[in-house]
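Q: Given the coordinates of chain L, work out where chain V should sit on it, guided by the hints.
Protein chains in written order, with the working numbering: chain L, 1 to 113; chain V, 114 to 227.
These are calculated hints, taken from the structure and not from any lab test.
Where is the CB? At the ideal position from N, CA and C, for every residue including glycine.
Heads up, some of the hints might be wrong.
Unchecked claim - Just some of the chain L residues that point at chain V, by a computed CB distance under 10 Å:
1) 34
2) 41
3) 44
4) 49
5) 62
6) 72
7) 91
8) 101
9) 104
Stated by the list, open to error - If you want a taste of the chain V side facing chain L, the calculated C-beta under 7 Å gives, among others:
10) 152
11) 156
12) 196
13) 218
14) 221
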Amino acid sequence: EDQVTQSPEALRLQEGESSSLNCSYTVSGLRGLFWYRQDPGKGPEFLFTLYSAGEEKEKERLKATLTKKESFLHITAPKPEDSATYLCAVQHYSGGGADGLTFGKGTHLIIQP
Amino acid sequence: NAGVTQTPKFQVLKTGQSMTLQCAQDMNHNSMYWYRQDPGMGLRLIYYSASEGTTDKGEVPNGYNVSRLNKREFSLRLESAAPSQTSVYFCASSESRRRNEKLFFGSGTQLSVL
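So here's chain L without its partners, still in its complex pose (with noise of 0.2 Å):
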């Protein structure tokens, strides 16, 4: 079965304290990995989408690796504002039927003043 395994859970760091979270994936045919963010009572936003293995994409804070295996969202002295839920999203080919995106669980980020 195709899974998206975000780690850790939860992360609480200070500010401009730098750390990277997880996005590992067990699926065939992939298309393409997303990160988004979501804020508390909101949508996710998207930030990034990777394409094939080594592949890199940076904003402001944050950066965003893939590996064959996994990704990693990279967090460079992050600020209070960069407190949220980052969901890792892989798209991958079916065969048919519904080829959405499967989402992971989540990281939730707070970082601390």
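A: Coordinates of chain V only, in the frame set by chain L:
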């Protein structure tokens, strides 16, 4: 910019009642989706509409029906609500369902079925 608008934001139903969740997007997107989000689980696809005039089942379609009213609007109907349908529902849209297309989400509807 409105983006994806969902109504209502909150709803409480009794078991067996029916209701329709409304969704509209103003980005001229072709594809629209309904997801549900439950604690401890990832977002799960209920139904989607790849283009105006078509709808297809997702991962968890049982107990739901959808209507793609026009290019802008995609509604989700619960005919006979059950407590298992207590969840947060998100509507989303994308330019198309082709590879790597990113989704734009609404702000969600929190539904409780008693």
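Q: Output the numbers, in ascending order, of every earlier hint that fails for this structure.
A: The structure conflicts with hints 5, 6, 10 and 12, although it agrees with all the remaining ones.
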